[in-house]
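I would like the entire structure built from these sequences, with the hints used as guidance.
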Amino acid sequence: MPEESGEAFIAVRAREEIVGGADELVRRFAGGLPAEEAGALAAYRWALDPAGPAPVTGRVLDAVPADLDLAVEERAAIKAARDRARPLDERARAVGAARALGWILGFAPVSG
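So for the sequence shown, this note's numbering puts the first residue at 519; every next one is plus one.
Simulated from the structure, these hints should not be mistaken for lab results.
No residue lacks a Cβ here, since even glycine has one placed at the ideal position from N, Cα and C.
Among the hints, erroneous ones may be present.
Cβ-Cβ distance ranges computed for the label pairs, FRET-style [unchecked claim]: (1) Ala626 <-> Arg546: 18 to 26 Å; (2) Gly570 <-> Glu534: 13 to 21 Å; (3) Val578 <-> Phe527: 19 to 27 Å; (4) Ala603 <-> Val537: 29 to 37 Å; (5) Arg546 <-> Asp567: 16 to 24 Å; (6) Leu606 <-> Arg533: 27 to 35 Å; (7) Ala581 <-> Gly549: 30 to 38 Å; (8) Ala569 <-> Glu535: 16 to 24 Å; (9) Glu534 <-> Leu579: 19 to 27 Å; (10) Asp607 <-> Arg546: 17 to 25 Å; (11) Ala526 <-> Phe625: 16 to 24 Å; (12) Phe547 <-> Arg604: 21 to 29 Å; (13) Phe547 <-> Leu606: 16 to 24 Å; (14) Ala532 <-> Ala603: 36 to 44 Å.
Quick look at the structure:
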């Protein structure tokens with residue numbers, strides 16, 4: 519009987535869905551990702567491998583992020599995206615991270 523992994527899902531998304539989202543971004547933007555998409559990719563990668571820095575706060579975790587970890591990072595991304603003192607590219611990257619993290623958490627997509 520196959521062994522079940524407690525990490526099959528990250529929040530409401532299957533790991534495979536998140537991997538697919540990351541792979542799709544890399545495929546679509548092979549020549550280089552715009553800032554927003556780079557933020558989304560950073561969020562996907564952090565959710566899949568939390569040993570790397572979180573996309574906005576830079577936090578590093580020892581295990582797959584719990585819903586609370588994802589939500590904290592998503593809120594930090596929203597705050598960064600709204601901070602007009604930040605450079606435009608940094609804000610766009612934060613928008614991408616917030617949308618990706620919201621999607622992983624199961625929130626409905628938001629428009630710009």
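Hints, one by one, checked against the model:
1. Checked against the hint of 18 to 26 Å, the pair Ala626 and Arg546 passes, with Cβ atoms roughly 22 Å apart.
2. A beta carbon spacing of about 19 Å between Gly570 and Glu534 agrees with the range 13 to 21 Å that was offered as a hint.
3. In this structure the supplied range 19 to 27 Å holds for Val578 paired with Phe527, their Cβ-Cβ distance being about 21 Å.
4. The hinted window of 29 to 37 Å between Ala603 and Val537 holds, with their beta carbons roughly 35 Å apart.
5. In this structure the hint that Arg546 and Asp567 lie 16 to 24 Å apart at CB holds, the actual value being about 21 Å.
6. Taken as a hint, the range 27 to 35 Å holds for the pair Leu606 and Arg533, whose Cβ atoms sit roughly 33 Å apart.
7. Between Ala581 and Gly549, the C-beta spacing of about 35 Å keeps the proposed range 30 to 38 Å intact.
8. At about 21 Å, the beta-carbon gap between Ala569 and Glu535 stays in the expected band of 16 to 24 Å.
9. The given range of 19 to 27 Å is respected by Glu534 and Leu579, whose C-beta atoms sit roughly 21 Å from each other.
10. Range check, Asp607 to Arg546: Cβ separation about 19 Å, and the 17 to 25 Å hint holds.
11. One distance hint, 16 to 24 Å for the beta-carbon pair Ala526 and Phe625, holds here, with the actual separation near 20 Å.
12. The beta-carbon spacing between Phe547 and Arg604, approximately 22 Å, falls within the hinted interval of 21 to 29 Å.
13. Checked against the hint of 16 to 24 Å, the pair Phe547 and Leu606 passes, with Cβ atoms roughly 18 Å apart.
14. For Ala532 and Ala603, the Cβ-Cβ distance of about 38 Å falls inside the hinted range of 36 to 44 Å, so the restraint holds.
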